[in-house]
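Participant: Each chain, letter by letter, is given below.
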Amino acid sequence: MAAMNMIQSINSALDVMLARDPKVLIFGEDVGYFGGVFRATDKLQEKHGLKRCFDAPISEGGIIATAIGMGAYGLRPVPEIQFADYILPAFDQLVSEAARLRYRSGGEFWAPITVRSPYGGGIFGGQTHSQSPEAIFAHITGLKTVIPSNPYDAKGLLIASIECNDPVIFLEPKRLYNGPFDGRHDQEVKSWAGHEHAEVPEGHYTVPLGKAAVVREGEAATVLAYGTMVHVALAGIEDSGIDAELIDLRSIVPLDIDTIIESVKKTGRCVILHEASRYGGFGGELSALVQERCFYWLEAPVERVAGWDTPYPHAFEWDYFPGPKRLVNALNKVMQD
Amino acid sequence: MSNRAKLSLYVPEPNARPGEQPSFDHLEIPAAGAVRCPDIGAPEHELRDLPYTLIRVLDEQDAAVGPWNPKLSTDRMIKGLRAMMLTRAFDDRLFRAHRQGKTSFYMKSTGEEAIGAAQSLALDQGDMSFPTYRVLSWLMARDYPLTDLVNQIFNNAKDPLQGRQLPILYSARDYGFYSLSGNVGSRFGHAVGWAMASAYSEDDKIALAYIGEGTTAEGDFHEALTFASVYHAPVVLCVTNNQWAISSFAGIAGAEETTFAAKAIGYGIPGLRVDGNDFLAVWAATQWAAERARSNRGATLIELFTYRAEGHSTSDDPTKYRPADEASTWPLGDPVERLKRHLIATGVWDEEKHASLASELDIAVRAAVKEAEKIGTLGKSKPPIEQMFEDVFEEHDWRLVEQLREVRD
Chain A
1 MAAMNMIQSI
11 NSALDVMLAR
21 DPKVLIFGED
31 VGYFGGVFRA
41 TDKLQEKHGL
51 KRCFDAPISE
61 GGIIATAIGM
71 GAYGLRPVPE
81 IQFADYILPA
91 FDQLVSEAAR
101 LRYRSGGEFW
111 APITVRSPYG
121 GGIFGGQTHS
131 QSPEAIFAHI
141 TGLKTVIPSN
151 PYDAKGLLIA
161 SIECNDPVIF
171 LEPKRLYNGP
181 FDGRHDQEVK
191 SWAGHEHAEV
201 PEGHYTVPLG
211 KAAVVREGEA
221 ATVLAYGTMV
231 HVALAGIEDS
241 GIDAELIDLR
251 SIVPLDIDTI
261 IESVKKTGRC
271 VILHEASRYG
281 GFGGELSALV
291 QERCFYWLEA
301 PVERVAGWDT
311 PYPHAFEWDY
321 FPGPKRLVNA
331 LNKVMQD
Chain B
338 MSNRAKLSLY
348 VPEPNARPGE
358 QPSFDHLEIP
368 AAGAVRCPDI
378 GAPEHELRDL
388 PYTLIRVLDE
398 QDAAVGPWNP
408 KLSTDRMIKG
418 LRAMMLTRAF
428 DDRLFRAHRQ
438 GKTSFYMKST
448 GEEAIGAAQS
458 LALDQGDMSF
468 PTYRVLSWLM
478 ARDYPLTDLV
488 NQIFNNAKDP
498 LQGRQLPILY
508 SARDYGFYSL
518 SGNVGSRFGH
528 AVGWAMASAY
538 SEDDKIALAY
548 IGEGTTAEGD
558 FHEALTFASV
568 YHAPVVLCVT
578 NNQWAISSFA
588 GIAGAEETTF
598 AAKAIGYGIP
608 GLRVDGNDFL
618 AVWAATQWAA
628 ERARSNRGAT
638 LIELFTYRAE
648 GHSTSDDPTK
658 YRPADEASTW
668 PLGDPVERLK
678 RHLIATGVWD
688 EEKHASLASE
698 LDIAVRAAVK
708 EAEKIGTLGK
718 SKPPIEQMFE
728 DVFEEHDWRL
738 VEQLREVRD
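Protein chains in written order, with my numbering: chain A, 1 to 337; chain B, 338 to 746.
Looking at chain A on its own, in the form it has when it is part of the complex:
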C-alpha cells in the first residue's frame, strides 16, 4: 500500500496495465513526453516507451476513431480526452460507432476502449473546463460510464474498465485529483493525505463496474451521488444532523440498482445530488427508477439537487455549484414531508 492522490492512483493504474498487457496503449493530446496536462500519464512514456504512450493531434474525433479501429484489431487503447468539455467532436464516434459496433456486426467486432476524461467543476475553469456530460453518455445504449470518487476506487475502476470488453467513458472528477473537496470552498483546501481511501495497493486490483459503495450508513434518508458530489454529500449530511445513508454509485452504467432500492426501501426518503444541470440530468433517471420501484415505501417526493440549467458560469461558480448547503435544504425538505 502507498499513499496516493487520485492523479497518482490513475497513473498507477495505467502503469500497471501497460506493464501487464502489451495490448494496452495510451494516446491523447499532451499525454506523451509531457505526461498530460494533469500529469495522469507522467513518466509513462519514459518507462514503457514511445509507442505505448504518445501524443495525438488535436482531434478528438480522430482520437476516438483511431482508438475504435485499434480496438477492432484487438488492442485495448486508453485514449485521453483532455477535458470532457472537448469530447463532443468525438460524440458521433462514441455513439454511432463505439457503442454500436458489437451489436450491429452481430458480435464480429467490438471496441474495448476506455476513454479517460477529466470532468466537473469547482476549479474556476469556466464553461469550457467544468462541465459534467455524464447523462448524455448514460443515455447511449452500448456505452458504460464510470465515475470514481477517491484514489482507491479510481485505480480499481480504471483497471476494471480497461479490462472490460465494452467501451467505457471514464470521467475523472478533476476537483478531486488532489484532495477530497467537499464543496466548502471558503475553507482550507484538503489533500488526500491520511484519507482512508488514499491508501492504494501498488499492484493490480479491480473495483467491479456496477457495484455501488455505501459510504455512510443511515436510517433517515438515502442520498445518491457520484464523483465530487460524494464528498459534498458527506459534508451536507454532517451539517444537516440528519442520519442519512450515502451511496456512491461509482458507475452510472452499469447502475447498481439493487443497492439503491434496498436503501430507499429502508429509509423511505431519497435525495439525488449531481453537479450537472438538473433538467434531463442523470438524476431524472434515478428519480424515475426510485419512484417506479419504491413508490409504496416513499414518505416524501424524491428531491434532486443539481447544477442550475445554465451554462457553467465562471464568476458564479459557487452559486452554480451544488454545495453542502443545498443538500441540507433538500434533506430538511424530505424530512418535513
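Hint data in this document are derived by calculation from the structure and do not stem from the laboratory.
Just to be clear, a hint being listed does not mean it is correct.
What the hints assert, rightly or not - Chain A is nowhere near these chain B residues, computed Cβ spacing over 12 Å in every case:
{"#": "1", "residue": "500"}
{"#": "2", "residue": "632"}
{"#": "3", "residue": "711"}
Unchecked claim - Facing chain A, according to a computed beta carbon distance under 7 Å, are these residues of chain B, among others:
{"#": "4", "residue": "537"}
{"#": "5", "residue": "556"}
{"#": "6", "residue": "729"}
Here a beta-carbon is modelled for each residue, glycine too, at the ideal position from N, C-alpha and C.
Given chain A, put chain B in place with the hints provided.
Facilitator: Leaving out everything else, chain B in the frame of chain A:
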C-alpha cells in the same frame, strides 16, 4: 455600403440536368498507358503530378498498356470478371425483390463493380477493408455465401447479423470486410487505427478504407488523413468518386476546384487518381499503394474515378436530378464490358463463354434467393426475440434482462 464591388455567392451546379444533353467536356481523360508509374519508394514530393491525371490501363482497342499494367494471369482476370458479373446479377435480383415487397431497402453498386472486385483480389487474406455500402463485389470476389447475403437482406431467422441491420449493411470479419454503417464516413478513421494497431503489433497486415467523394467533406475524412500521415499508418485510403452523392453532384463536395486525389498533397501522402471502371488500373494502383504500406512507407490516398450508374438506393429516382442517359454515355464506359472485351481481345474469352457464365451466375443468385425465401422474407421470419438484446454489451445488465422479460410477456 462602400464603393467596393458587391460580393456574390457562388453555388456550383452540374453541367446538365434532366432533359438536357449530358456533357463531359470538363473531364480531361489521358490515354491509357500515358501516366508514369513511379517506384514505390519514391518520396511524396516527387509524386505530385499523379493526383491531377488519371491512371488507365485498358485502352480503346481493349488492350492492357503502359507502365501500370499489372500483367495479371487470365485466371485472376476471369475471377474478377466473375465477381463483377455476380455483383450485377445479385443487385438486379435483389433490387427486384425490394420492388416485390420482400425487403425494405436496397442499394446497387452498378458501374462500380471493378473497385471492390479488384481490390479484394489484390489484397491478402488477413488484410481488412473498411467498406462503404457500394463494394459488394469485395465479398463476391471472396466467395461469400450468397444465401447469407440474402438472409441478411430479408432479416430472417438465419440473418448472420440477427436482424439488427438495415439490408446490405453487412459485416464479414473472416472475409476482411468490416462492419458497415449507414453513417457515411465514420469508419474511415477506424481503418487508420486498425492499420496503426497492426504496425504497433509488428504484424504484416494492412487496412483499406473507402469513402464516397461526397463524404470527403466530413471531418472524419480529414481526421483520418491527419492520423494516417502523422503515424505513417499502413493503410490504403480510397475515395470512390462516383460523381453523385444522392442528388448532389461532385462539385458540391469541391470537385470543381481540385481533384479528390489532390487532397493527399496537403497531408504529405501520395495521391493517385485512377480510372475506377478499369479493373486492371484499379488493381495496379491498389497493389502499388499496398506494397508501399507493407514496406513501412505509410498511407496512400487513391481517388477511384467512376460513375454511379443507378440511383443512390431504392428510395430515389435519379432521372429527377440528372439526365437519364448520363450513365450510358459516361466516357469511361462500363467496367464489366471493358474487362470482358479485354479478355475477348486476348483470345481467352468469347461471347458464348460470357453468356454461359452470366446464366450460371443468374441461376446461382436465383437459387440463393429461393433458399432464403424458404426461411422467410422481411417480416415473415425473424431471428429469436432475445437477439434484440444480445451484443448490446458483452454481458446483459439488469435493464436488458428485465426488458427481455417484459417484451416476452
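Participant: Run every hint past the structure and note whether it holds.
Facilitator: Tested hints:
no.	hint	result
1	500	9 Å, violated
2	632	19 Å, holds
3	711	21 Å, holds
4	537	6 Å, holds
5	556	6 Å, holds
6	729	6 Å, holds
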